[in-house]
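K.L.:
All chains, please: the whole structure from these sequences, using the hints.
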Amino acid sequence: MPRKDLRSRLAAALRPGNAGVVYALLLIVAVLTLLTAQLGRPPYLSATNVINILDQSSLIAILAVFTTVVLISGNFDLSVASVAAFSAATVLSLVAPLGLPVAMAIALGAGLVCGAVNGLIVQLVGINAFIVTLGTMTAVRGLVLILTDGRTITASDPDAQSSLIALQAGYWTVPHILAILGAAAAAAGVFVLLRRSRPAGIALLAAGAVAIVLSPVLGFELRLSKPTYYLIVIAGITWAVLRYTVIGRRLYAVGANAEAARLSGINVNRYRIGAFVLNGLGSGFVGILFAAKLLAINPTGLQGTELTVLAAAILGGTSLFGGLGSVLKSVVGALILFTLDNGFNVLNLGANYQGVIVGTVVVVAAAIYTVAGRQRQVKRVRESSKPQVQVRQEALR
Amino acid sequence: MPRKDLRSRLAAALRPGNAGVVYALLLIVAVLTLLTAQLGRPPYLSATNVINILDQSSLIAILAVFTTVVLISGNFDLSVASVAAFSAATVLSLVAPLGLPVAMAIALGAGLVCGAVNGLIVQLVGINAFIVTLGTMTAVRGLVLILTDGRTITASDPDAQSSLIALQAGYWTVPHILAILGAAAAAAGVFVLLRRSRPAGIALLAAGAVAIVLSPVLGFELRLSKPTYYLIVIAGITWAVLRYTVIGRRLYAVGANAEAARLSGINVNRYRIGAFVLNGLGSGFVGILFAAKLLAINPTGLQGTELTVLAAAILGGTSLFGGLGSVLKSVVGALILFTLDNGFNVLNLGANYQGVIVGTVVVVAAAIYTVAGRQRQVKRVRESSKPQVQVRQEALR
Amino acid sequence: AGDGNKQYTIGVSNLGLSFPFPAAIGKGIKEEADKLGIKIVELDAQGKADKQSNDVQDLIAQQPDGVLILPVDSGVAQGLADRLKASNIPTVAVASQVGDPKQRQLKDVYPGLVALVTQDEYAAGGKAGEIAASVVPGGGKMAIVEGQAGFAEVVQRYQEFPKSAAAKGATYEVVARQPGDWVQDKAQSACQNMLSSNPDTQLFYAQSDDMAAGCAKAVAAAGSKAKVVGIGGSKLGIDAVKSGAIAGTVCYKPEDLGKLALTTLHQHLTGQKKQDAAFVTYDTPAITKDNLADCTPQW
Amino acid sequence: MVTPLLSLTGIGKEFPNGTVALSDARLTVQPGSVHGLVGANGAGKSTMIKVIAGAHAPTSGVMRWKGEQVVWRTPGAANRAGVATIMQHVPLAPTLTVLENVFLGTPGPWRLPRARRAEFARLLERVGYAIDPDAEVAGLAIGERQMVAILQALATGAELVVMDEPTASLAEGERQVVFDVVRRLSAQGTAFLYVSHFLDEVLSLTDRVTVLRDGTVVEEGATGDYDEDRLVQVIVGRDLLEAERRRAGPVPEDAPVLLSVRGLRSPSGVRDVAFEARAGEVIGLAGLLGSGRSEILHAVYGADPRATGEVLVEGRPVRRNPRAAVAAGMALVPEDRGSQGLVGTFPIWKNISLPDVASLSSGRSLPREPAEHERAERAIADLGIVCPGPDALPTELSGGNAQKVVFGKWLYGGARVFMLDEPTAGVDVGAKADILELVRRFAAGGGSGGGSGSGSGGNVVLVVSSEFEEILAVATRVLVVREGRIVAERAAHETSEEELLMLANGFGEGGANHAA
Ligand SMILES: Nc1ncnc2c1ncn2[C@@H]1O[C@H](COP(=O)(O)OP(=O)(O)OP(=O)(O)O)[C@@H](O)[C@H]1O
Ligand SMILES: Nc1ncnc2c1ncn2[C@@H]1O[C@H](COP(=O)(O)OP(=O)(O)OP(=O)(O)O)[C@@H](O)[C@H]1O
Ligand SMILES: O[C@@H]1[C@H](O)[C@H](O)CO[C@H]1O
Ligand SMILES: [Mg+2]
Ligand SMILES: [Mg+2]
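Line by line, the protein sequences are chains A, B, C and D.
According to my numbering, the first sequence is numbered sequentially starting from 178.
According to my numbering, the second sequence is numbered sequentially starting from 178.
According to my numbering, the third sequence is numbered sequentially starting from 11.
According to my numbering, the fourth sequence is numbered sequentially starting from 46.
Certain hints may be false.
[To be verified] Chain C regions said to be covered by chain A (calculated; three or more residues, Cβ under 8 Å): (1) 21-31; (2) 180-188; (3) 200-207; (4) 211-224; (5) 237-250.
[Unchecked claim] Calculated pairs, DSS-like style, for lysine-lysine (alpha carbon to alpha carbon, straight line, at most 27 Å): (6) C:95 / B:403; (7) C:40 / C:235; (8) C:235 / A:403; (9) C:45 / C:245; (10) C:37 / C:245; (11) C:284 / C:37.
What the hints contain is simulated information worked out from the structure, not anything from laboratory work.
Every residue gets a Cβ at the ideal spot worked out from N, C-alpha and C, and that includes glycine.
P.N.:
Listed below in structure tokens is the structure:
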């Protein structure tokens, strides 16, 4: 029986309705690989290029992870990009006088406060999250403007610069890691599958398989940028917490039906405010990484990123109505968006045509797995209900 | 009894929970008036300035009207600004060779097609409206880029220019109109109130009163820009259709509970697609007015306006979950946003502080009537809720 | 300079005070205004052409003695200039042309303006080409990091580049041109990606210093020997020239530009120097490690 | 005398809108006893339960738990004290699995410890019910959700389990499961507070019973002192119509065929359904939970877009969508009133006029609100809807009264084919009799006045009900449904509940298709 279970779970997890966003990504990568080959450009799936894509996506993907948590909790946050910019401006202004640890702590604290303000207003005053976070998005952007006074802030102090650079620049290399990790992931996947957890297990298994397959291609050592590792750790931990802890179960419950959650004794406000605070903190962290990456921020820095982040999460199948979503799929959503940008650069496609293509691909990607998912949901009348015997009268006498 | 009814309806409609956004606007205007007087700036409530604010808000307010219809139907549209820019680019490219009427027809048609594409994909393929319209927003923006080839498009032909200018420039003046209209509105308000329609009647009545009061201030003739008249007509008609017709009733039902509406024999798809089409058409129209106003559009023109439009609608109390909203209140929402911008301009407030103030005001305005609305739900005592006698026994005999 | 005792009020319609370059122009204007005893009403269009149109309406309502306009969009600005003229408000355009650049030469200033005070974007592109010819002599493979599609500068800052490079004996083959949307981050990604598909690129021309700084990081990280040329002379750009990350840039001086614009208008108002559709500009020198002293960054 | 487990004295509850749902109400539950709480729709039962569960704060009164005065401000507090509540409107998290919902409130670090699976298996065994622990709740039928809610309450191991109409949407088999559980656990010392409109359940399960009327307790006593008639008398304040027990005879052979259904199939599991209905007929669809009765109604109505087949009303084919169905004179009262029947933001009057708003409008386009109000007031009177007035929102109504509003949507519009899916779920005994009487009158073509009187000698009603007794009381003919097909047909006066149950379970001559 467990064996049969395993197979059916595998099948379920691999169904387009479930893993659709992954298929969409694979399709895009396949098309780009073919096109580059066709046009006689350097191979698309080269180690460098894959490392680049991961590096380029990582900060937005981290934002998407935390935004997914907010969406699962049944809320909405437009303020992430402003908060990240604010944190970046904070850390850049303070790193020289106060040193990196203190500057980072203050920047993270600023993010946390922004998140808490969002959460408290939304949950305790009860105003719509869209309008609240639109307001804080504007207000925090205003703070960035005040802090920067309309200029680009840089970390010009060399010590400060190098401490910031150390945060994110460069790559960590682990020999044979890809094969090792792949094997580990696959093993974990099998284990998880046995523990009856479909999508999770299959994600691990698939990741493992891909890693093993790519291992010869990418070389026998794993060389990824630091932000990529941050992403892996953050997405991994968040996923595990949501997937395996009671916090996750309650968060989903709060988003799916707040009243049911309340009646089960769950403190709905705590979870929803907590999600906002986490998102604020996460935005603060990403802001620091942006500061470290760019060593400069101007008042309009990261403007508009909030829509990219939401797009990643929603491409990953997260519901805007709460209770549904997976941080890993949101990461894949972000990868889709950055793979496209990367593809345009590699193919040297004219700037004028990129917009039309991105827009179309986003809709088509969503269509692929919406339609596939629908197929699955065909409800069926019970095939063979075992006789539910006994007349009520008899039961009662 | 009708008299008592009238009074209680008036009271109900004037309650902050109902007319909150109007109070928020009045408060902002009052503060700005006091501040300008205090600081010795030109009077805030001068005829010119009021006319200007109305003129400046009108195009966004028209967009907010149609977006409200989409929101009421239970959907979401991020593509309006791109569509308007596309329509503007279309009309500017075609007005010289084809003449204004044909160019306008094509631009409107383009808007209609965009709306229809949104509607068909969202309703028939069943993809989330957020991601679909994010996709079309990007794709249509891409079309604008292609159409303009990355540059600003102008209507340089003098004939074409003057025909465009005639569309929107200038003012229409009606003598004594303010007092006349005010009286008419007030009368209509009383009539509507008698017909048991609180918010509508009170809105009319309030508008009438304001008009009569302002009549001496604004002079004895009504001088408003053409776009302001367009707004008045569009908002008026849309409001009346939503409020007084079967179409409106069904649209609200579709948005509030699509399944209940469907099982009641309403063609849900038709209403929801219709709302998108209307929004596309409306965006096309606004695009033409923008073209006429600016006489040029560049590829990034109107970018970001979608959030302003949504903010106006949601400030006006429209629900993101469908079934709730009022186009008149959305117009007031737009007025709030533009009153702030205009106020900053009149006060010559430093750019650095505007963001913080706008953000705070938006949240506070929403808070005012969210909290007031809550109060109302607590206090609402139905006159008729006397001891509930059970009349059922006799009812059927 | 003002001999009359009249206190002038001048309206400034700035394209966006959140963008460092126009913000620095605004700063220059204000500093000069303080000196001249002029009152400034400064409105922020936040990068939106439609908001600029509203701002101009609000300015006209305040009846200033003159207006400085930093156009968001050259085409839209034409209508605004007409409106200002109709209200008899002397107007100076700053930093960007008024009127469709496709149909109007830069130096053919829109009639009705007192003056257009700006750097010559075309000439600056030419200067960048000269720097390129000096750091990658003879020519080679070049990739371009463009500004956001839709900005006039994208065309203007490239047009003279190949010509002046060729004049110095360098012909470049453009192997890629991709948008960096004026921002560091996106430019860094674009250069990373262009390098991975064109590893033998020898020269990157980034159409702003922010993008050049981002691009330089990508070049360094990839271990490429390609040179990066920027444009703008911002603090970021000059620092990068100093550190050798980028080979050179073109020095824009927004604060000086602001001052120049205000004095031009003031002199017109006082009658000291009446002008009609004059083209006023300032020098934007090419900057490399050799002449860093010629450029004190103003933004 | 033992200290009562729970006692409420002088409890009052006034809602923000001014409705006084409880005034000076009292209740005493002894340890290990099963206490019945009965009353008409809107009497205040659910409100009292919410007060006990910590979901509503009472406006006045004192609550004691094991003799100690308590104030439970949150449901969590009540849970921790040992009270588990199954609410009337099954609140579950639809995107979570059955297992996760059952252990939703349970503390502990892990989302789904292995031990919970074993615990769940034991719970199922103890209860005698089977359900896939990994099924997503969103995909469950309403009855299954009810069972999940029951399991959730039992899983907490509470000392007092409060059940608000737990069987209202259950089929026979599951009802029995519930009764067994109540009996078994109460024997082991768990106390129950049991709310139901099925008086036979109350009479056989409970030890004591409290009767609420209009928010106050009108009687309290040992169940043994009551019989069904007396209980009904106390609840509704009058004798019930004998009508409920009357069986209808067949309609005349020559009555015109009003509804023909041919070759109806759907991917949701409807298979080759075909039948005809003559004017005046009330056709009962009998079957087990999940047998596909709702799906058949939806397919006939055209609400399931994937369904194929022919449906004719008065000989004219009806296109397969609800709009065409309504235009052809069909009406559907769906099973799930909250999500399928009512528009939560509309007041009662707008809900009632919704399907027929065009005909209440000038030129079919401008609704005449006074006419709509009039209709709502009439429905309120005809159906005895307890509410502050036609302006009340459905969310302010008790469960049974909300159901009556859904019913009221179709009463006056001129429909000729009525399809009712569990029309009396959660409706009190008095109202149930009224509704059944209405069904009969409607089938007879008397209509309820209004526009319905096309006068051609009668209409057709299809009734799905999990109470076979009710089907037999109202139907002229019964179709037995199993696995999406009609497996047998009986004239109502020639069959019995026992026979229907056999047929529904796949036994008996009609049931040729056994699937083990
Ligand atoms: N949230 C609410 N706001 C206002 N009134 C309410 C609310 N909930 C219930 N009521 C009113 O309180 C009264 C009692 O309702 P309650 O739900 O307790 O009845 P009930 O006895 O459970 O009825 P049923 O058998 O129909 O479930 C009803 O008149 C109802 O309309
Ligand atoms: N064993 C099962 N496996 C999966 N789904 C089931 C099972 N049993 C029942 N269902 C669910 O039951 C639904 C079919 O029940 P349906 O509502 O048609 O039955 P019904 O005869 O109307 O019963 P009810 O009295 O509950 O209305 C299907 O949508 C399906 O989701
Ligand atoms: O000149 C400026 C700057 O280069 C800026 O980075 C983008 O906008 C251009 O107009
Ligand atoms: Mg109840
Ligand atoms: Mg059913």
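K.L.:
Does each hint hold? Answer for all of them.
P.N.:
Each hint, compared with the structure:
no.	hint	in the structure
1	21-31	holds (count 5)
2	180-188	holds (count 4)
3	200-207	holds (count 6)
4	211-224	holds (count 3)
5	237-250	holds (count 4)
6	C:95 / B:403	holds (21 Å)
7	C:40 / C:235	violated (43 Å)
8	C:235 / A:403	holds (24 Å)
9	C:45 / C:245	holds (25 Å)
10	C:37 / C:245	holds (16 Å)
11	C:284 / C:37	holds (25 Å)
Checked against the numbered hints given earlier, this structure breaks only hint 7.
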